[in-house]
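2 protein chains.
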Amino acid sequence: MVLSVISFVSVTLFAQSNKSFLSAKDSDPVKMGWMQGFPPPKDKIVNAEDGSFFNFPALRWSVANMRQLMPTVEVSRGLKAPSPLPYQLDPNIDTLQFLPWGQKNRMTWEASLWENYTDGIIILHKGQVVYERYFGALNEDKVHAVMSLTKSFTGTLAAILVAEGVLDENKLVSFYVPELKNSAFGDATVRQVMDMTTALQYSEEYANPQSEIWAFSAAGNPLPKPKDYKGPVGYYAYLETVKRDGEHGRSFGYKTVNADALGWIISKATGKSVPTLLSEKIWSKIGMEQSAYYQVDALGTAFAGGGFNAGLRDLARFGELILNKGKWNGRQIIPAAAIADIEKGGSKEAFAKSGHPLLKGWSYRDMWWITENKHGAFTARGVYGQTIYIDPVAEMVIVRLASQPVADNSNNDPWSLPAYSALANYLMSKK
Amino acid sequence: MVLSVISFVSVTLFAQSNKSFLSAKDSDPVKMGWMQGFPPPKDKIVNAEDGSFFNFPALRWSVANMRQLMPTVEVSRGLKAPSPLPYQLDPNIDTLQFLPWGQKNRMTWEASLWENYTDGIIILHKGQVVYERYFGALNEDKVHAVMSLTKSFTGTLAAILVAEGVLDENKLVSFYVPELKNSAFGDATVRQVMDMTTALQYSEEYANPQSEIWAFSAAGNPLPKPKDYKGPVGYYAYLETVKRDGEHGRSFGYKTVNADALGWIISKATGKSVPTLLSEKIWSKIGMEQSAYYQVDALGTAFAGGGFNAGLRDLARFGELILNKGKWNGRQIIPAAAIADIEKGGSKEAFAKSGHPLLKGWSYRDMWWITENKHGAFTARGVYGQTIYIDPVAEMVIVRLASQPVADNSNNDPWSLPAYSALANYLMSKK
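Going down the list, the protein sequences come from chains S and W. Note that the working numbering has the first sequence beginning at 32, numbered continuously upward. Note that the working numbering has the second sequence beginning at 32, numbered continuously upward.
So here's chain S without its partners, still in its complex pose (with noise of 0.2 Å):
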């Protein structure tokens, strides 16, 4: 297995149950003692070589130490101080209780935190911290890796400079690209890659040796390559290989070159590498307390799809951020047009087609996850079970950080979202 391959995983893949492997409990990489020592264990050690770094329970470690293990790019906070969360903890939500779905037993808030091996969890309500907790090798100065809520990030930025006029989303791909202009992203418009609604000969499938992901990892891996190694080398190469199987437009389809594609757009389209478009619109402008931080490719390509590390708690700024249309602190920072595009969602019926059983009714904009519930949440989603969910109506924002034995959602969104939902009733209950 090679770097930075999991990242990638689609949700529908690996539907696997989490009880083979050791509980989140026993898998804590702090006892485990993952690197620790001078030197560590052999046994102890994690790198990135062979991609066992990606395996779980060495994963728990890894997740909050990319940094250590291979190229990144900075995303830089600025040099200010840091805006001050307010806190206003709530020590009911731990026994708050819920119905995980297809079980037959309710459990309890906390619960679900271990089920879920959660590494930190924040709850936002009305711009307060209401929760807040770390797990394992987390902690409040240290960033996580979030695998594809990279998307979003990315979706966001793109959004951002649509309502800005400065990318046009009814333009082919290949008007900002020309390099893609053979590739299947060529004819496709800006919208139908930030949608993901593109006709893409692509897949994320693992268990298949043939599937396109596996090139597209290798490409991006920035490790020196094989001496026989033939095949694109960087983000960007792998792209302009990628064919077309159907017509663009009609379904969406979960797969993450859309999203570096669209990092490659928004750069061109600015002149800006995504870290620095993060760093100047967003990071840099809502009082982070830490820099974050891109993975990136042998050419120091940032992996749009999924290499983005970040702090829990900047994370749920961004979320605030969103909550609230894109001001912070009473200032305009974002177009809340670009909020209200992700708002509006995506088409049900192309999403219906993707066959995502959990997610029965939702759509996809921007590159989030729209839940068209009646709070109209919408959500960021990578593997392993990272999560921003934002709900407009419950004021509420929850980021968890996790490191799941199985990168596939759909082992916790049974234990999450409806621990969501009635977070937000609890929420909205309250005085």
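Incorrect hints may have been included.
Note that identical chains are pooled: a pair holds if it fits in a single copy or bridges any two copies.
[Said to hold, decoys possible] Listed below are the simulated BS3-like cross-link pairs for lysine-lysine, each with C-alpha atoms no more than 27 Å apart in a straight line:
| # | residue 1 | residue 2 |
| --- | --- | --- |
| 1 | K299 | K73 |
| 2 | K73 | K303 |
| 3 | K56 | K73 |
| 4 | K258 | K75 |
| 5 | K56 | K461 |
| 6 | K299 | K173 |
| 7 | K261 | K111 |
| 8 | K56 | K358 |
| 9 | K261 | K75 |
| 10 | K157 | K111 |
| 11 | K461 | K73 |
Quick caveat, the hints were computed from the structure, so don't treat them as lab data. Being a predicted model, the structure only gives us computed values, none of them experimental.
Given chain S's structure and the hints, the job is docking chain W onto it.
Chain W alone, transformed into the frame defined by chain S:
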């Protein structure tokens, strides 16, 4: 050439002229376009694989972007607000004149910055910033490789631990690191390692492919080892192989491995990694603006001999902390005894045997270079022109980060050290 090599170059090597290279202005890395574009043109790509990232002029980009080329580990600034430096800029410094060593004509301060391929320079006088400039790839919100300045951080940490009674400088190295018992370090004292008076069969002579520097570098290189590689993996494993050559304590010998052995010693003595120690003792304590980082080997060991990267102003804050004998804003952050130990200097006799023709009468203590001049100035030094220069009498701290074409500081000392003395006199003459 392999990764993270050049940072070990001894200051006695490469007494070459800059004259055959592009000028500082012509080699400006932004103007040259290194790593610019999506993707960058082939001839402007800098990567670590073949080591060419350390070749001038690409080096001028690399020094400000090391994390993009290799794995790193953070030195956290913590989460508090930065402590602002007061400003009292002095516009007359640029025109200050001095006579470079061995030259007939005087030169202005500003001209010396170009002569020395300066990337960033800051001067504090009585705690106020009187001068600050950035060039090339460096900015106020970026960090820069400090090369062997790293050693002075390792030495300062050791001096702190000695002052705190955590580390006994008279103990043998093998007391703290049993793994080093059969190496040259085994029967050296901690103090001998701190002052580099160990007798080691270890050459940093680059021209000779048999030099031990190459094996050390190969061991520390975090990239996957070639299939036929039989050597040690990681800095620690290399240190175990170093053989003794002569008697410890007789002569100063500037050898990077001492700093890495010291990093190991202080980690064993405290149970904490060097980056963690630096964060806990200093980086999170004096209002740093940016987190810093170390390059690491494949086992996650920070390169305590040359792998540190930090921001210009933060290095100035560190210099000011040392100048103020461990106090910051009136609070004692690190023991005054540790600074006093640095300032008292090392054995001039031991130093004289080491052959640094430009540094006559100097000594070396706690991995700092002691000028032994009338002002009691002392300095941290790294190849390609990195400097922290502290003049206690003039109450002056200078930090210069640079990317000279040639590693050896004898290429910039003649245009630097007399400029610093002239500046000290000028500042002292001000009311």
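Please sort K157 with K111 into within, between, both or neither, judging by C-alpha distance up to 27 Å. both (25 Å within a copy, 24 Å between copies)
Up to 27 Å CA-CA - K75 versus K258, copy category: Intra 30 Å, inter 22 Å, cutoff 27 Å: inter-copy only.
Give the relationship of K73 and K303 under a CA distance limit of 27 Å: within one copy only, between copies only, both, or neither. Close across copies (18 Å), not inside one copy (42 Å); limit 27 Å.
Alpha-carbon proximity between K261 and K111, which holds within one copy, between copies, both or neither at 27 Å: neither (46 Å within a copy, 49 Å between copies)
Can you tell me if K299 and K173 fall within 27 Å by alpha carbon in one copy, between copies, both or neither? Only across copies: K299 and K173 sit 23 Å apart there, 32 Å inside one copy, limit 27 Å.
Tell me, please, which holds for K56 and K73 at an alpha-carbon limit of 27 Å: within, between, both or neither? within (23 Å within a copy, 49 Å between copies)
Within, between, both or neither, where K261 and K75 count as close if Cα-Cα is 27 Å or less: between (34 Å within a copy, 22 Å between copies)
27 Å Cα threshold - placement of K73 relative to K461: Close neither inside one copy (52 Å) nor across copies (60 Å); limit 27 Å.
Alpha-carbon proximity between K56 and K461, which holds within one copy, between copies, both or neither at 27 Å: neither (32 Å within a copy, 64 Å between copies)
Go through the copies and call it for K299 and K73: within, between, both or neither, with a Cα cutoff of 27 Å. between (45 Å within a copy, 17 Å between copies)
Alpha-carbon proximity between K56 and K358, which holds within one copy, between copies, both or neither at 27 Å: Neither way: K56 and K358 sit 39 Å apart in one copy and 43 Å across, limit 27 Å.
Violation of the numbered hints given earlier is confined to hints 5, 7, 8, 11; the remaining hints are satisfied by the structure.
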